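K.L.:
Chains as they are written, first to last, in the working numbering: chain Y, 1131 to 1548; chain E, 1131 to 1548.
Don't read these hints as lab results, they were simulated from the structure.
A hint or two may mislead.
When chains are identical, the list treats them as one kind, so a pair holds in a single copy or across two.
Stated by the list, open to error - Derived EDC-like pairs (lysine to aspartate or glutamate); straight-line CA-CA distance at most 20 Å:
id, residue 1, residue 2
1, LYS1309, ASP1245
2, LYS1212, ASP1245
3, LYS1309, GLU1536
4, LYS1309, ASP1183
5, LYS1189, GLU1360
6, LYS1365, GLU1193
No experiment lies behind these values; they were computed from the predicted model shown.
Read off the chains here:
2 protein chains.
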Amino acid sequence: MSSRNAFYAQSGGVTAVINASACGVIEAARRHRDRIGTVFAGRNGILGALTEDLIDTSKESDETIRGLRSTPAGAFGSCRYKLGAIETHRREYERLIDVFRAHDIGYFFYNGGGDSADTCHKVSQLSAAMNYPLQAIHVPKTVDNDLPITDCSPGFGSVAKYVAVSALEASFDVRSMAKTSTKVFVLEVMGRHAGWIAAAGGLIETHDVPVVVLFPEIPFDREAFVARVETLVKKRGYCTVVVSEGCRNADGSFLAEQGTRDAFGHAQLGGAAPVVARIVADALGVKVHWAVADYLQRAARHIASRTDVVQAYEVGEKAVALALEGRNAVMPTIERISDEPYAYRIGVADLAEVANVEKAVPRAYIGDDGFGITAACRAYLVPLIQGEDYPAYVDGLPRFVRLNNEVVTKKLEPFATR
Amino acid sequence: MSSRNAFYAQSGGVTAVINASACGVIEAARRHRDRIGTVFAGRNGILGALTEDLIDTSKESDETIRGLRSTPAGAFGSCRYKLGAIETHRREYERLIDVFRAHDIGYFFYNGGGDSADTCHKVSQLSAAMNYPLQAIHVPKTVDNDLPITDCSPGFGSVAKYVAVSALEASFDVRSMAKTSTKVFVLEVMGRHAGWIAAAGGLIETHDVPVVVLFPEIPFDREAFVARVETLVKKRGYCTVVVSEGCRNADGSFLAEQGTRDAFGHAQLGGAAPVVARIVADALGVKVHWAVADYLQRAARHIASRTDVVQAYEVGEKAVALALEGRNAVMPTIERISDEPYAYRIGVADLAEVANVEKAVPRAYIGDDGFGITAACRAYLVPLIQGEDYPAYVDGLPRFVRLNNEVVTKKLEPFATR
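From just these sequences and the hints, can you work out the full model?
P.N.:
Structural data, given as structure tokens:
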């Protein structure tokens, strides 16, 4: 079999470990130079493919590529740009194939969440329909942990660790202050539709911290919530609240709805914490502090979960292995073998089963009152935040790599994106 | 000289390393059992002394006391309770002396910021006036870094490191997303009157990140700010804004004023980030994300500066040494000898010169345009964030210590606090 080139792109919201997957893909490809020529990366995700804005990763040293393993966010740039249905957006899909053909790209590695799994699947279908030989492999990534089939999604474990560590530390703070000052601390975390990240906040309960978790899966019940916080403050003197940005009122409206939408049509949220803080302050008359972690949580490479870093690398590596096995329209998955001791293997799922399915937190993982996590949820989460994987530091700051990102000479006419 | 007991209390907002100072005090005292009997700690700071709610630290093992070195927040509880002028609050000062007398306390170690330095100074004066032999030593602590005389305040270096690391990581995130999504990221940090913490955000500029810092020392100029952000977004594609909670409009009002005040009479702030985010989004029509770090920053023991942890321990140790030298109404300080290589020694300052003086960021540390830091500021800050000092982890979370906090039997009548 002759050598063909590969295309790799990062899609959607980035994570602390998506570059570890890039590292896994590129390092694995470099180990198979007989089969895989150059790995081209799309600048700003799939946009790079559409506009033929390709980065030649072969210009980066092995050491730099290794450095991706401990560098957060998307080293090649990501994008929020969803390709639509093939019927209505055929021009864009065909352009992708044109670019792939022009650069002899036979492997398409797309690193993203549910939306990009869908895109990857469609690219695979269209390349077959157009009789262009292409193996499309999706590399899973999402802090939201809402991809189906895989036990967890790379990127999630590190956010979960960040949230649990931060909530624990801040709880120690508010406990110190509660006698005369702040009695309730509210932390807003990500998770638009699924409460996996918020659930991680529930892990601190076994560290003797009174905590209330507000999940998007459970309609917000103001009275029950205030009563729960009041009980904890009376009994323990203080309380921490971890609220998902996706928490909704019973009528389906977000606590923090701002009325704006991103390119994928998702509501752009932010500000559930001040809303919840105001509710508590008004109802109980106690001093409340609040924090919104926003990008800090998903970029927090400094406190990444070692389990997550390793798995992110492994799914990248596995994507290349699957490509070399001739697989198409698949995604590496993490298959859990046991909770304790934690054991897993890297499996594989068909994209047809992955695309556009969102995995919410199961009801059995949420306590009866809707404000905390169960032992089953804890058993699920704890392995995912295991281990630390500290980056190197210079002058007090992490030494993250910056790529040269050398562009490949264009061969095609310009293409107008939406 | 016969042995007398000691009293130690934590005051005001806690930090990631105030317990390291407690560790320094208690370990140093245990090395001088011939001179210092029991170290009693005040539960919830000075309130513990007023209400005779004393904790017997001798009941804690050496290992547990050692664990304080890597445990954030106030292990004995802190408080926001400012003793007023001696003339108007003599009853409270006399009560302190009564409690100290009842428990044969000859050493008063008060661990806090400017307000507690003032209290410590007054206690020293009143004990002399009441002819009660007491050595009052203030142990410096404040994330705001606004204590005078000392080169820096323990607690600050760790917040500075947290802010610089977090801003760097989030900047990598927004840089990844900027092509099609978020172009500006706003991070709100603490610092009511002094912009030291915000200045730490400026450290990421030398990491090739376009950053704008909003200091409380510089009146907010909306037009100039928007123009600066616009230029950076045009030139670099994205931009990070680090805004101090204490940032004010030209008329002196806080960007984030909420109209409430704490027990010390300070305005209670929060919410500068959404205000700034809204200004940018409205003016430039770009997508903006914002985060409010709040307690996360000052509790972040997981990313504490090693320099800060060591200095926090050393000022605790030095406080005991000063007491044993017979000093009174003094505070250990950090005296910088050189920037690079960083060298310092632990010095001593008279409390008369410390109390109620706030050290703002000097104008020479802020760039001409008011939106960044100078080389001199950088030379000052970099040593303070040097080194990491990771806590141990169990099951993915830091192993922080919890004290037994055994109470001492009361000998006096109850006392009504305000």
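K.L.:
Hint by hint, note whether the structure agrees.
P.N.:
Hint-by-hint comparison with the structure:
1. Proximity of LYS1309 and ASP1245 under a CA criterion of 20 Å is satisfied inter-copy only: 18 Å between copies versus 48 Å inside one chain copy.
2. Taking identical chains as interchangeable, the C-alpha atoms of LYS1212 and ASP1245 lie at most 20 Å apart only when both belong to the same chain, with a minimum of 7 Å there against 55 Å between chains.
3. Taking identical chains as interchangeable, the C-alpha atoms of LYS1309 and GLU1536 lie at most 20 Å apart only when they sit on different chains, with a minimum of 18 Å there against 58 Å within one chain.
4. Taking the shortest alpha-carbon separations for LYS1309 and ASP1183, only the inter-copy value of 13 Å comes in at or below 20 Å, while the best intra-copy value is 58 Å.
5. In this assembly of identical chains, the alpha carbons of LYS1189 and GLU1360 never lie at most 20 Å apart, being 59 Å within a copy and 33 Å across copies at closest.
6. In this homomeric assembly, LYS1365 and GLU1193 never come within 20 Å of each other (Cα to Cα): the closest approach is 54 Å inside a single copy and 29 Å across copies.
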